[in-house]
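Protein chains in written order, with the working numbering: chain A, 752 to 890; chain B, 752 to 890; chain C, 752 to 890.
There could be a bad hint or two in this list.
Going by beta-carbon spacing under 10 Å, a handful of chain C positions derived as facing chain A [what the hints assert, rightly or not]:
#	residue
1	Leu763
2	Asn809
3	Asp812
4	Ala828
5	Ser844
Computed footprint of chain B on chain C, listed as stretches where at least three residues anywhere in the stretch have a Cβ under 8 Å from a Cβ of chain B [to be verified]:
#	region
6	830 to 843
7	858 to 864
Computed far set for chain B versus chain A, every beta-carbon distance over 12 Å [as the list claims (entries may be wrong)]:
#	residue
8	Ile780
9	Asp794
10	Ser874
11	Arg880
Note that these hints are calculated values from the structure, not bench results. All residues carry an ideal CB built from backbone N, CA and C; glycine is no exception.
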Amino acid sequence: MTDSSASPAIELADRFAIHELLALYGHLIDEREWTRLAEIFTDDVVFDASDFGAEVVNGRDRLVEVWSRPDAGHPLAHHASNIVLLGSAGPDSIDVLSKGLGVGPNGRVASIVYRDVVRQTDSGWRIARRTATLRRPTT
Amino acid sequence: MTDSSASPAIELADRFAIHELLALYGHLIDEREWTRLAEIFTDDVVFDASDFGAEVVNGRDRLVEVWSRPDAGHPLAHHASNIVLLGSAGPDSIDVLSKGLGVGPNGRVASIVYRDVVRQTDSGWRIARRTATLRRPTT
Amino acid sequence: MTDSSASPAIELADRFAIHELLALYGHLIDEREWTRLAEIFTDDVVFDASDFGAEVVNGRDRLVEVWSRPDAGHPLAHHASNIVLLGSAGPDSIDVLSKGLGVGPNGRVASIVYRDVVRQTDSGWRIARRTATLRRPTT
Numbered sequence: 752m753t754d755s756s757a758s759p760a761i762e763l764a765d766r767f768a769i770h771e772l773l774a775l776y777g778h779l780i781d782e783r784e785w786t787r788l789a790e791i792f793t794d795d796v797v798f799d800a801s802d803f804g805a806e807v808v809n810g811r812d813r814l815v816e817v818w819s820r821p822d823a824g825h826p827l828a829h830h831a832s833n834i835v836l837l838g839s840a841g842p843d844s845i846d847v848l849s850k851g852l853g854v855g856p857n858g859r860v861a862s863i864v865y866r867d868v869v870r871q872t873d874s875g876w877r878i879a880r881r882t883a884t885l886r887r888p889t890t
Numbered sequence: 752m753t754d755s756s757a758s759p760a761i762e763l764a765d766r767f768a769i770h771e772l773l774a775l776y777g778h779l780i781d782e783r784e785w786t787r788l789a790e791i792f793t794d795d796v797v798f799d800a801s802d803f804g805a806e807v808v809n810g811r812d813r814l815v816e817v818w819s820r821p822d823a824g825h826p827l828a829h830h831a832s833n834i835v836l837l838g839s840a841g842p843d844s845i846d847v848l849s850k851g852l853g854v855g856p857n858g859r860v861a862s863i864v865y866r867d868v869v870r871q872t873d874s875g876w877r878i879a880r881r882t883a884t885l886r887r888p889t890t
Numbered sequence: 752m753t754d755s756s757a758s759p760a761i762e763l764a765d766r767f768a769i770h771e772l773l774a775l776y777g778h779l780i781d782e783r784e785w786t787r788l789a790e791i792f793t794d795d796v797v798f799d800a801s802d803f804g805a806e807v808v809n810g811r812d813r814l815v816e817v818w819s820r821p822d823a824g825h826p827l828a829h830h831a832s833n834i835v836l837l838g839s840a841g842p843d844s845i846d847v848l849s850k851g852l853g854v855g856p857n858g859r860v861a862s863i864v865y866r867d868v869v870r871q872t873d874s875g876w877r878i879a880r881r882t883a884t885l886r887r888p889t890t
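The following block holds chain A by itself, in its conformation from the complex:
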């Protein structure tokens, strides 16, 4: 993790766009708007939720398949927060750290850490890689 103050080179407009990208993610999943996932993911996105026992998904088309299954197990809602742009992850790419709350039907939450690589495309910033890790009590 790099000190965020070490990445002043990221333009403010890009910073804002990346924040809204991570915000939009929750709306699209929660509304099951699978036809709109191109607004948040690159076509070659890698989605790693293996920490939850899920397969590592390669590609947006496959992600739509997996997520639209009746037994996909989506929480009731995704709330994004704690977005920190860490710095360059290669050409046109930025490492981003954030948190999410998954809300269960009983009003209890799961706390998630997201480690993303976001990439600038002709259509704007998109998530190229997302790794989701569940916060668990340490004993």
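Based on these hints, arrange chains B and C on the given structure of chain A.
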């Protein structure tokens, strides 16, 4: 819902002000600062929480009346997130999508979707219309 | 509390940096990265969580000591939201109001209000004073 990347015309300073407007909302309600609602709402605000069984409130004065009732049923706290500026909603107005968590006294949360119209006034950006919808399990 | 629209003089880059500062706070605590607290706190930080029955901590070194105790009682995760920059708190300092959710191991949350003074240092913006208050049901 419009792709947020389709609204580059909104100035960054305005974007920031709108984010802070939605952030301030939770502080004012949770602290019961009814005399300060002019800092977040237009005087002709329409507040639609009919999804919760509440009346559709017309006007800020009426909103103060309704919210200051002993039986108003406010949650313990309002936490804002997932703010996405969707684009123009007419002259000096922007459609905004966001989420909120309402925290209950037992530490359980309700997940809310807010669809707002915010309007630029002489005093800054204000919420002119807010529609609150509760996320419910789909069966 | 000052109307946030009364502080247009704060540069957008500073606003963004302060938002990310408060976001980073949760990541560092939750990952127990005590050696990195200089990225978020001034060395003379005052941390007042007396509302939780904790001592008022003076200085970052003492804070590391207190927080790294086995019985420190950290929640599972800290989620930041509702960040509002209130305006100048003196030279190079800004008053900031925000909220946080502390997630418990059982998926229930505590809602916290943070009142901060953040200060611009040679290394960037840092929290110079933080007062944390628990939201409690009013009876």
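- Does the structure break any of the earlier hints, and which numbers would those be? 2, 3, 5
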